[in-house]
Structures are given as C-alpha cells and as structure tokens.
Amino acid sequence: MILAVAWRNVWRNKLRSFIVLAAVAIGLFAGVFATGFYKGMADTRLKTGIKTEVSHIQIHMPGYLKDKEIRRYIGKSDHIIDELIQRGEMEGAGRRLIAECFFKTAHGTRGLRIIGIEPEREKNVTDIFSRISEGNYLEGNSKIPGILVGNKLKDKLKLRLNSKVPVDIVDANGNFSSRLYKVCGFYTSNNTGYDEMTAFVKYEELRSQLGFSENPAHEIAIYLKPDVDVGEMKQKLADEFPVLEVKSWREINKDLAYLVESMDQYMFIFVWIILLALCFGIINTMLMVVLERTKELGMLMAVGMSRFRVFVMIILESVFLSLTGGLIGIAIGYWVIKVFETRPIILEIFKGFEQYGYSSEVYTNLPFQSALKIAGLVVMLGVVSAIYPAIKAIRLHPVEAIRTE
Amino acid sequence: MKSQLTLAWRNLWRNRRRTIITTSSIVFSVFYACIMRSMQEGSYDSIIGNLVKYYSGYLQVQDSAYWEEKTLDNTLEYDSALVTRIEAMEDVKLVTPRLESFALSAYNEFSKPVFVIGIDPDKEDRIIHVSQKIIKGSFINPDDEGALIAEGLAGFLKIDVGDTLVMIGQGYHGSGSAGKFAVRAIFKHPSPDFNNNMVFLSLPAAQNFYSAPGRFTSDVIMVEDHYEVAQVKKSISDMLPANKRVMTWDEMHPELSGMVKGDRAGGIIMLWILYGVIGFGIFGTVLMMLNERRREFGVINAIGMQKDRISIMLFFEILLLAMLGAFGGLILTTPAIWYFYHNPIPLTGDLAEAMAQYGMEPYMFFSVRPYIFLIQALTIFGISAGIGFVMVISIARLDLIRALRS
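Chains as they are written, first to last, in our numbering: chain Z, 1 to 405; chain U, 406 to 811.
Hints may be right or wrong, so weigh each one.
Said to hold, decoys possible - These stretches of chain U come out as covered by chain Z in the derived footprint (C-beta under 8 Å, 3 or more residues): (1) 417-426; (2) 430-436; (3) 511-520; (4) 566-578; (5) 662-669.
To be verified - Which chain U residues face chain Z? A few, computed with CB under 8 Å, are given here: (6) 474; (7) 475; (8) 506; (9) 508; (10) 557; (11) 561; (12) 672; (13) 673; (14) 675; (15) 678; (16) 679; (17) 682; (18) 683; (19) 685; (20) 693.
Note that these hints are calculated values from the structure, not bench results. Source: prediction; values computed, not measured. All residues carry an ideal CB built from backbone N, CA and C; glycine is no exception.
Excised from the complex, chain Z in its bound form:
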C-alpha cells in the first residue's frame, strides 16, 4: 500500500522528479562506465604482467631477487624442472639464466637485461613467442646465436634483423666476456618500458657465456592452470623446497599486486564521490517535497497515519527516485561496457601509459557483482538523503500543518 502511494507521489511533480532522475542516471552511468574502463585497463595490465613478464610463481636462491647476483643460482635445476613440468597443476615451467649486460651497437650503447630461456618450455610459461612482430622466435640453429630484442630498443638503436651485436658480460668467474649475437626477431609486449630493457637468448648460449658448466638456473618461473590457487601452490612449493625462495607474482611485482588491490577501491571512492554530490541535490528535492506538502502531510497525520508510516513513505519516495535513475544509469553503463568488452576503445591520449605497461587499447570490463554493489549504494543514497527531510516531516504538528496555505 505505502509502496504504491510513495511511487505515485514521485510522479506528482514530473519535471522535478525527472531532473533528479536524470542527474542520478547520468552520475551513475559515468561512475559505472569509469569503473569498467579503469578495471579493463588494470585487467589488461595484470594479464600482460603475469602472462608476459612475471608468471604466477617464481623460484630463486634466497637473496637473488635483492641483488640479482649471478652467482646466486639454483645448482641442479635439471631434476627440479623435469619434476615440476610433470605436475598436473602446472601449465608450464621454465628455467632461466639472467644477466645484466652491456649492449654495443653501431648506433649506440645500452645496459640491458638478458634472459636465457629454453624456447620450447618457455612457450608454456610466457607468451613472448606469440608477440613476435618481425623475424623469428628463438628457434632453429645458426652459427651465430640469436637474440630476441624488444621493438622499443629496435627503434632506439636502429637495429635490423640479422644485425650482429656484441654483448659484454662479466661472467661467473669474474672474467670479462664479449660474444656476438645475431638479432633473430623483435617482440612487443604491452609494456614498452619492459621491451626497452629486456632481451632473450637461448639458455645454452647464455650458460656458456656466463661460464657455467652444470645446468644452473637463476629463476624458475611457473605458470599455473586456470583453476589452481596461486597462494596454496606457492605454500606447497615453499614446503617442498625449503632451501629455495618461492614467491608468487604478488610478492615479486608489487606494483601489479597493488594495482589489483587499489583499482577497485579507487573506483569505489569515485562512485562514492558522485553519490555524495548527488546526495545534496536529493536532499534539496526531498526537503522541497516535504515543504510543499506540509498541509497534506498534516492531514494524513490528522486522519490517523502514524508518524512511522509518514517517515517510511518519504524515505521510499526518495529511494524510488534515486533507484529509478540509478538503475537506468547503471543499465546503460553496463550495456556500454558490454559493447566495449570485445571492441577496444583506442585512446591516442593514453599512448604515454604504454611506457608503464598499460595498453592504450582498453577493453572495458565490469563484473555483474560490482554493478549490483553500485545499485546497492544507490538505495543507500536514497535512504540517507531522505532522512533529514523525513525527520522534518514527522516533526510537523498536524494541527498547525493543516492550517498552512
């Protein structure tokens, strides 16, 4: 009964209700869309971060991550890696040697991180092989070992396919070693900062250049099957390899972890701010509603409507008003997000973010739950902004109220 009355009351002053409704709808549309947009941006970053850069779990010697010292290697990596690959939870596991080197070309010199990978195994761990923009992945054999270089570095150093470049390293015995590599291909991750700093060669080549005789690894990277819990698996591996340092991507790449945790919060703060801004408008409107209906409200109370019911009625009117607008806004926002879930929004102005690993092609994304959560907040908005006007209403004195003009 009271529901129906409240609903009808909302539509007594169409123009006014429509303005509030439109404000709420536009505000919520913007809030929902912005949330989906930045969520999509963060998701792409996370995906590239895990799939191209860090993988789910990495194993090192204790202390390696801190100083990247080439003598902190996992000695007998053969049986560890063979055993890891067998496991059902793993999509893939790969071992790597990593060295900081000095890169000399005809068009300039650079410091670079060189990663020695086993090309076939690496395919199950990272997707670098699918990101070759020119030339080949590290396959096949040639007299001069191949090196896979990022596109960004290609531009900076004017590299070409098959250019020969000397790579200088101080090896594990402290000797200076310079070796010639041939550029076999160029790759592009979504992170131009990473592309500029990182090059790949074959595991065996780097091993021999570093002067290792056994098969050591600086890093073992593991990519898990989709439904395996990263935290549990990490704990399990940590128990199995007590002398090694097992870390999840969250611990290794703090900015990725932070991104995931903060983006949701950050966007909810934005939605909150929009709601707060809307709140002022609704309070004003509801106050208006109470003031212009003073006489009517007095009458209702005089003929026996309880104050509690009057209170509920005002609150309901406000909730209906904001919820109708909110649902329209959320629905449109959600629909737009669905549209751009498969077609990317390409923003020229966001190009600068690529240096930091964010793609300028944004696929929007918003879980249905988040949309529901926002709808819940809208109901709250309605209730909160009506409290003060509703209190005003029930404080009316029926006899005096009836007499007002």
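Please build the complex by placing chain U on the supplied structure of chain Z, with the hints as guidance.
Same frame as chain Z, now just chain U:
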C-alpha cells in the same frame, strides 16, 4: 543594480536551509576538485622536476644527429661563443656541458651496466646539487680522475669510497675504452632508477675514458621554470647553425609527457562528471525555486518591477550562490593544500614500493599553481551562468495574469 544585488542577497537567506545545502554541494565539489587536481599536478611536477633537475635539464643543445643516434660520433665540440650567448639570455640560469654514455662497470666479482655522465662539477652542482646528496666521501674537482657513484650501484658492487671502479665502454669512432676510477664519493639519487646505475666523472676524465677529447654530447640549459621553455627554445634555435639543434625536456621524454597528458585528461574527465552532477543539482534547485516563487514574481511585476530587473536580480542570486560556494571551497582548500605542499604526505607499504618500481619518489605531492584553483572557480561560474540564463528565459516568458493566479 545595487538594489537588485541587495534584494538578491536577502532572497538567498529567505530559504536559509536550501541555500546552505546548495552552497555545500558547490563547496564540496570545489574542495574535491582542487585537492584532486593539486595532487595530480603536484605529482607531475615532482616527476618532471626530478627528471629535469636531476637529469635532463629543461633544454639541451645537441648535435642534430645525436637524438636519433646516440653515439659519441654525434657529439659537439665546445663552442664557448655560443655558450656565452645562451648564458647571456634573460631567462637562462645556467648552461653546462656534458658527455653522456653507457659502460659496463665492475668491482671485484660484481658487474653492472651503468650510465656515465661527464660533468663540470661546479656548474652541475648548481643544477642537481650532488654535493648535498653525498652520503660518504667528498665531491670531485673539475679535472678529477675519480668517480662519484650512486648509492644503489655502490651497494650492488659492494664498493666503497677509496676503492677502484673498473669500467668498459665503447669510445669515440667505435674504439674500445676501459678505465679505472677511484671512488671519491657515494651519493643518493632521488630517482630509484638513477640511484641504481649512475656514475659521474669529471668532464676531462669522461672525455679521456671515451677517447673523445674536447667533445660533448650536450649543453644542458636551465631556466627559471618550465613556463619559459618554449620562448627560450625559440630564441636559441634561431642562433644555432644547421648541425645543432635544441630540444626541450618534453621532446626528450615523450613517454613521460604523454603519460602526464593521459593522466591529466583522465582526471579532468572525472571532474567534468562531478561538475555535471553538481550542475544538475543546482539546476533542479533553481527550477523548484522558480516554481515556488511564481506568484511572487507576478506580484512584483504587477506592481512595477520590470522583467529585466527581475531577471538581473535572479541572476545575481544564482551568481552569489555560486560565489559563496566557490569561495567557501577555496577557503577550505587553500590552507590544507598549502600545508601539504610544504609537507608532502609520505607513502608507505605496497604503494611506496609500487611507486619506486615506476621510478617515482614515495610521496604524495601537492601543487599550489593558482590556475588549478582559478579553473575550479571559473567552472562553477560557467555552470551557474548557464543556469542563470535559463532563469532569464523563464522570467521573460512569465505570463503575468497566470502567475498572479497561481
């Protein structure tokens, strides 16, 4: 005019509650907008400032081929006449020559690629203030043969003041180069990236190391602040011969200025959304107010107040409302921002580490540039003027008889 203003002011306070609520919504949005924009601009200033003050300078004169191909073959010879002319320019604070390149550094069993800059210590110190950032040891002389190395790098190489750093690089005309340098001091660079890979040598030592006597990669030019960059660039490029060019910091770091532009655009779009919502709120309030005072307008029109005067009065009402809100917001914001400008908020935990990975200092910086605040106030005025216009139209269409009977 004056009487309309008085009337408008009094009218505002006839419905005190509504005025206060509407004003608070403006205060809130101005407050939020100022804080957010100030934080954005503050962090850009800090990133740009770090880069400019601790590395690239505002402008650089280079060989015209150097930027595309950063080798020592594309270097300059010292042109003292040019430097004197640039230094004589009004906004230029300082011109200092540099020789920059990369090298592989080693100490004992440890090695790391490093970024080597040959500097004129005295002049350079006025830009990057290295001497104040020294943790251990003493600053180098203009013809010193020792090296200054960054703290992170020193930690990695486990090298200390007095030890000898070995460097291998590629010299002028592709010659191999190697050198030994006594570590004179260890300094802390504010940018985490540079802190892990920077080595300063004196200019003669660097030229000697790279077998490039008398050659420079660039002349770094400092101006008062980045508002003058464009002007100075123009005057310098007029005096340069064809084989030299002048570049500004944003041309040298397109990714950074791109990121700043993208981030700024994102923030401003968010603010527009907020202002849209606030604007709708004000619009709704005003519309209600018009409705409710219809009869009143009819009466004052009937007793002889012309419609355009009523319009002006109403226009003043909304303008006063906006001004109250805008000034209220600014008064609330200014002390807070002023305080945080002088005492940036230190960040801790994951956020701090994440920022370090991006090469930023872990502080929340604020900016006090007047235009940030001015724009918020102007935006609010723009919105209220638009709404005021609607009121004027509505008054012009007021039907006297009907209004009196309502």
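Hint-by-hint comparison with the structure:
no. : hint    : in the structure
1   : 417-426 : holds (count 3)
2   : 430-436 : holds (count 3)
3   : 511-520 : holds (count 9)
4   : 566-578 : holds (count 3)
5   : 662-669 : holds (count 7)
6   : 474     : 5 Å, holds
7   : 475     : 4 Å, holds
8   : 506     : 6 Å, holds
9   : 508     : 7 Å, holds
10  : 557     : 10 Å, violated
11  : 561     : 6 Å, holds
12  : 672     : 11 Å, violated
13  : 673     : 11 Å, violated
14  : 675     : 6 Å, holds
15  : 678     : 4 Å, holds
16  : 679     : 6 Å, holds
17  : 682     : 4 Å, holds
18  : 683     : 5 Å, holds
19  : 685     : 3 Å, holds
20  : 693     : 5 Å, holds
Of the numbered hints stated above, those contradicted by the structure are hints 10, 12, 13, listed in ascending order.
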